[in-house]
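Protein sequences appear in the order of chains A and B.
The numbering of the first sequence is numbering that gives the first Met the number 0, which starts it at 0 and goes up by one.
The numbering of the second sequence is numbering that gives the first Met the number 0, which starts it at 0 and goes up by one.
Mixed in with the good hints there might be a few duds.
In this list, chains with the same sequence are indistinguishable; a pair is considered to hold if it fits within one copy or across any two.
Straight-line alpha carbon distances no greater than 20 Å define the calculated EDC-like cross-link-like pairs of lysine to aspartate or glutamate that follow [said to hold, decoys possible]:
#1 K341 x D612
#2 K512 x E187
#3 K624 x E32
#4 K608 x E192
#5 K33 x E192
#6 K185 x E621
#7 K624 x E187
#8 K50 x D336
#9 K23 x E243
#10 K624 x E611
#11 K341 x D537
#12 K338 x E275
FYI, nobody ran anything at the bench for these hints, they're computed from the structure.
There are 2 protein chains.
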Amino acid sequence: MNWVIFAPIAAVASIFFGGYLFYKVYQSPTGSEKAARVSRAISEGANAYLKTLYLALVVVAAILSVVLIFLFGVETAVAYVFGAVCSGLAGYFGMQVALMANAKTATAAEGGLTKAFPVAFNAGGVMGMAVVGMAVLGMSVIYLIFEDPQIVLGFSFGASSLALLAKAGGGIYTKTADIGADLVGKVELNLPEDDPRNPAVIADNVGDNVGDVAGMGADIFDSYVASVVAVMILGAALHSRHPETYGIIYVTLPILFAALGIPASIVGVFFVRTGEGQNPTRALNMGTYATCVVFALLSLGIVLLLGINIAVFWCTIAGLIAGVTIGMTTDHYTSIDQKAVKLTAEASQTGAAINILTGFSYGLMSIVPPIIGIAAATLVSYFVSEGMGMDGLYGISVSAVGMLSITGMIVSSDAYGPIVDNAQGVAEMAGMDPDVIQVCAQMDAAGNTAKAITKGFAIGAAGLTVLALFAAYAETVGLPSLDLLHPIVIAGVFLGAMMPPVFSAMTILSVGKNAFKMIEEIRRQVREIPGLLDGTADPDYASCVRIASQGALWELVGPGLLAFVAPLAVGFLLGPAALGGFLGGSIFVGVIFALFMANAGGLWDNAKKYIEDGHLGGTGSEEHKAAVIGDTVGDPFKDTAGPSINTLITVMSLIATVFAPVIARHALPTVFGWF
Amino acid sequence: MNWVIFAPIAAVASIFFGGYLFYKVYQSPTGSEKAARVSRAISEGANAYLKTLYLALVVVAAILSVVLIFLFGVETAVAYVFGAVCSGLAGYFGMQVALMANAKTATAAEGGLTKAFPVAFNAGGVMGMAVVGMAVLGMSVIYLIFEDPQIVLGFSFGASSLALLAKAGGGIYTKTADIGADLVGKVELNLPEDDPRNPAVIADNVGDNVGDVAGMGADIFDSYVASVVAVMILGAALHSRHPETYGIIYVTLPILFAALGIPASIVGVFFVRTGEGQNPTRALNMGTYATCVVFALLSLGIVLLLGINIAVFWCTIAGLIAGVTIGMTTDHYTSIDQKAVKLTAEASQTGAAINILTGFSYGLMSIVPPIIGIAAATLVSYFVSEGMGMDGLYGISVSAVGMLSITGMIVSSDAYGPIVDNAQGVAEMAGMDPDVIQVCAQMDAAGNTAKAITKGFAIGAAGLTVLALFAAYAETVGLPSLDLLHPIVIAGVFLGAMMPPVFSAMTILSVGKNAFKMIEEIRRQVREIPGLLDGTADPDYASCVRIASQGALWELVGPGLLAFVAPLAVGFLLGPAALGGFLGGSIFVGVIFALFMANAGGLWDNAKKYIEDGHLGGTGSEEHKAAVIGDTVGDPFKDTAGPSINTLITVMSLIATVFAPVIARHALPTVFGWF
C-alpha cells in the first residue's frame, strides 16, 4: 500500500483548517475607520513590495528553469517552479491574513487580552497551516507523479530560491525602515514609537510583515522541505543498495512524518489559550509542548505499524529535544529577566561602547548550548541508528525531520509576533485608548520571546537540515568520504567558511546604505512639509515605503548572485571534494554566525527594553541612549543578516546537490584529470 | 655533515647583532629629567606586571612539567621549561629596550625624523633579533642534544604556553587601561591623549609595552617555533617510512631555514633608512622586501647545495608571497586613505550605530583576500610538491616556515610601533616642544600601519602553521584520513569552531569588566584629589597600574583553562578523530575571527583618526563622538581578542600533538571499543 497518498490528504486538511482559522479572524470586527485606514496603508505598502519581489523571482526562476531544462530535463524545471510557487502562495496568503488581522486585533483588545489574543494567534495559525499544507501538498504531489527524489529536490530548490530572496530582501527592508524611523524619529525628534507624524512609520510596519511574516515563513518552508528531501535522497540510495533491508518506505518516510506533523500542530493550536492576567508566552509554549507530545506518539505509532526500524523513532525524538532545547537556551540569553540582558543594560552606564562589547560577547557565548545541542543530536542519532542496524547518516537526517515536524505550530507562534507588533502600531496611530495599547504591548512582549525562540529553532533546524543535505550531496556526487587532511578539502572549507561572514557584511552594508537614504528622506519631509510635527499635516508615507522597497530589491542582487555562483564556481573549478569542503565550511561558520547574530540582536533589544522599563534611569537617560545604539547595531544582526544565513546555507547546499551530477562529470579537475 | 650546527651559530650572531643595536640605542641620550621620570614610571609598571605574569607562568609550567614528566619523561619536561624560558627571555629583553627607548626616541626627535627614527627602529630591532635568536638557539640546542622532534615539540609547547598567557594577559591589560583612560579622560574630562593629569595615562603606556611588545613577541615566537616543529615531525615520519627518498635533512631543514632567515633579517635591517620629510612606512616596507629577496636567494642556494627536492624552494616562495599579500591587503582595509575607512568615517554622520555596523561589515569583508591567500598557498605548495615528487603535506608546512622566515624583520618593525607610540606619550607628558610631538606623531602613524601589517602577517602565519600542526597531529595520532562526513568528526568540528568565539567573548568581557573598575578609579581620583585637573597635584598612577595588572592576570584563568582543558576533554572523551575535527574547526573559525577582529579594530581606529585629521567636522563634532565609540568597540577586537586567537589555535594544536600518543591509547572510545 502506498502510504504517501495520506500526505496530500493531511495537507488538504491543513489548508482547510487554515481556512477555518481565517474565517474566525475574518469575523472579528476591524473597528474604527481610522484603524482601517492605517491597516490599509500598511497593506498597500506590503503588497506593492511583495509584487515587485515576486516579479524579481519570476526573472530568477525563468533563468534557472532554462538552465535546469537544459541540464536535467523538463520535470526538474517544473518541480522547481512549482516549489517557488507553493512557497510563494503560502507566504502570500499568510501575509494577507496578518495584514488583515492587525486592526482586528487592536480593536479586539478593547475587550481585553482574552478577546484579542485568539484573533492574533488564529491569524498566525493561518500562516502556519498554509506553510505546512502547501509544502506537504507540493512535495507529495511531485513525488506521486514522478516517484523520483531528484525531482523533489528540484521542488526544494525552487522553495529555497524564493526563501533567499524573501528572507534577505525582507530583512533589508524591515531594518532600513526600522533604523530610519528610530534614528530620526526617536533620537532626533523625540517622537514615541509608531507615532503617526513619523514619515517612516508605515514603512516600519510594512517591514514587520514582509520580513517577519512572509520572509520567516519562506525560510522555514525552505528548511522543512529540504530536510524531507535530504532523507528521501539518502533513503533512495540505501534502498537501491540494500532493497531487502531498506524498503521503499525509507524513501517516503519523511513525507509521512511531515504529514503526521499536521494533526499534531492542529492539536497544538487548540492548546493555545490564555485568560485575563495570564502570560501569553505560557500559552504559546503549551501549544508547542502539546504538538511535540502528539507528534512523538503519532511517529511511534507509525513506526510500529509499518514495522520499520525503531531507531527512526529515537532519531525523531533526539531532533525534537534538540529543537526545544535550542529554543529554550535562546530564551535564556535574550530574555529580559536573565543575567546576560541585565549585565548588558548595566554596561550602558559606561557608555555605548561597553554596552556593545558586552552584548557582543554574550551573543558569542550564546552559541554554546545550541551547538552542543546540534552536536549531541547528531551523535545520538548516528550511534543509536548504527547500534540498531540502521544507516547512521540516514538517522541524522531523520532527526532533522523530527525537529521540523512541529513546523506548523512554530510558524503559527512566530507569525503571531509581527501581528501583535502591528496591532500595537495600529492602536497608536489610530489614537486608541491607553488600556488597549497596554494589552497590545503585553501581547507584543510575548511575541518577542516567541520570535526569539522560533529564530533559535529555525537556525538549529537549518543546521541539522544542511548536515543532512551535506550527506545527500556526498551521496549524489559519489564521494564515499571527505578527507579534511586533503588540501583541496581544506581550501574548500576555507572558502565556504568565508561565505556567511561576507554575505552578512553585504546585507548589513545594504541596510546601512538604505537607512542613510531613509534618514535623509525623513529629515527632508520634516524640513519641507509645514505642520508635520504639530500633526496638522500628513507625512508622505509612500515615499518612505518606496525607498525601503526599491533599496531592498536592488541590494539583493549582490548577495543573491554570490549565493548562486560561489558553490558552482568552487565545484566546477576545484572539483566535487572542494565543493564538499565548501559546504562543510559554510555550514559550521554559518550556524555560528546565525546563532550569534540572532541572539546578540535580541539581547541588545531587550537590554534597551529593560532600561525603558524604568531601570538605570529609564527612557531618556544617558544609559538609555547608549542602549539604543546597541539595539540599532543589533537590528540588522537579528533581523537581516542572522536569519538570512539559514537560507544561504540551505540554498548553497541545494545548489550543490542539484548540480552534483554535472559537477561530478564536468569539473575542471575531472576533465583534465588533475587530482 | 650535520648542517644543524650552523643554526646555533646564526642564533648567536643574531643575539650579538641585537646587542649591537642595543648599544646604539643605549648611546642615545635620555634627555630631560622629566622625560626620564615618565619613562621610569612606565618601566616600573611594566616590570611589575611582567614579574607577576612570569610568576603565574611558573605555576602553570610547574603543573604541566609534572604532567609531562609523568607521561613522557624528563626530556620533554625540560624542553618544555626551556621553551618557556627562551620565549620569556626574548620578551623580557625586548621589552626592557623598548622601555629604555621611549624617552630616548622622544629626545632624539628634537633633532628631527632622521635622528629619532633610527633610535626607535633599532630598539625594535633588538626585540626582533632576540626573538629569532633565542628561538633558533633553543630549538637547535634541544635538537642537537636529543635528536628527536618530539622533544622539540615540548620546547614549542613551552613557548606556546607562555605566549597564551603573555598575549591574552597583555591584551586585557592594554585595553583595560586604554579604554579607561579614553572614556573618562577624553570623553568626560576633555583631556587630550597622553595628558599627565589623566590617572590612567601611565597604565595606558605600560599596556603598549606589555601587550604590543612582550605579548606580540611571544605570539610570533610561538608561531615561528611551531611551524619549524610541524615540519620536523612530518619530515621524521617521511624519513622513517622512505629513508631513501627523504634523508635526515628533511627533518632538520626547517631549523636551517629559520637560521637562514637571520642573515636575511640583518640585511633587511640595514635597508631601513629614512630621510627628513620621507615616509617611515616606506622605509619599513623596504626592509621587509629586502629581507624577502635575500631569504629567497639564500634558500635557493641551500636547496641546490644540499641537493634536496627543489619543490622545497617553491613552497617557501609561496609562503613568502602569501605572507606579504596578507600584510598588504590588511593595509588596504585599515589604511586611512582607503575607501573602507572613509566610508566608515562618513557613516558616523548618522550616529555611532551605523559607524559600528559599517566597520563591522568591512571587517568581515577584509577576511577575503587573506583567506584566499592562505588557501592559494596551501594548494600551490601541495600540488607543486606532489608534482615534483615530494609529499604534499610536507610542502604545505614548509610554506609556513617560508612565511615565518622573515620573522626577525617583521618583529623589528612591529616593536617599533609601541616604542614610537610611547615616545609620543613621553613627549606629551614631559611637556616637550610641539615640533617634537609632531615628529613622534608622524612616526606613530607609520607604526600603526606597521602594526596592522604585522598583525595580518602573524595571523596568516599562524593559519599556515596550525594547518601544518594539524597534519603533524594526524601523523602523530596515526590518523591516515579525517572524514568530514563522519558524525564524530562533525561533532568535533562544531565544538572546535565554538572555541575562538567563546575565547574572544571571555577576553572581551574581561576588558569590559576591568575597564569598568578603571573608570570608577579614575572618577574617584578626579573627585577626591584636589588640584588634579589644574595640574597642581599628581594623580595616583600606581593604583591604575595595579587595577590593570591584577585584573589582567585574574581574568586569564578562565580562558587559559579553557584552552588547555577543552582539547584534552574532546580527545579523551570523543577520541582522536573528534579531536582532529576539533582542531580543524578551531583553525577555520579562528583564522576568520582573528582576521576580522584585527582588521575591524584597525579600521575603526583609523576612521576616528580620519575625522581627527579635520574631516567631517573634526575633533569634538558629533561625528567624532560616534567614531570614538566605534574605536572603543574595536580596541579589544584588535588588541585583545583578535591577536590572542592566534595563540589559542596554536596552543590547542600543540596540546593535541603533544598528548596525541596518550590520547590514541587511552581515549574512552578506544578503551571501550565504541567506534
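Do the hints match the structure? See the list:
For the identical chains of this complex, K341 and D612 are intra-copy neighbours only, at 12 Å inside a copy versus 38 Å across copies, given an alpha-carbon limit of 20 Å. Taking the shortest alpha-carbon separations for K512 and E187, only the intra-copy value of 19 Å comes in at or below 20 Å, while the best inter-copy value is 31 Å. In the homo-oligomer, the alpha carbons of K624 and E32 never lie at most 20 Å apart, since the shortest distance is 36 Å inside one protomer and 46 Å across protomers. In this assembly of identical chains, the alpha carbons of K608 and E192 lie at most 20 Å apart only when taken from the same copy (12 Å versus 35 Å across copies).
Taking the shortest Cα distances, K33 and E192 sit within 20 Å of each other inside one copy (18 Å), while across copies they are farther apart (57 Å). Both within a single protomer and between protomers do K185 and E621 lie at most 20 Å apart by alpha-carbon distance, with minima of 14 Å and 17 Å respectively. In this assembly of identical chains, K624 and E187 lie within 20 Å of each other by CA distance both inside one copy and across copies; the values are 11 Å within and 16 Å between. For a Cα distance limit of 20 Å, the shortest separation of K50 from D336 qualifies neither inside one copy, at 41 Å, nor across copies, at 43 Å.
Taking the shortest alpha-carbon separations for K23 and E243, neither the intra-copy value of 50 Å nor the inter-copy value of 84 Å comes in at or below 20 Å. In the homo-oligomer, the alpha carbons of K624 and E611 lie at most 20 Å apart inside one protomer (10 Å), although the nearest pairing across protomers, at 24 Å, exceeds that limit. Taking identical chains as interchangeable, the C-alpha atoms of K341 and D537 are never at most 20 Å apart, the minima being 39 Å within one chain and 37 Å between chains. Proximity of K338 and E275 under a CA criterion of 20 Å is satisfied in neither setting, with 29 Å inside one chain copy and 57 Å between copies.
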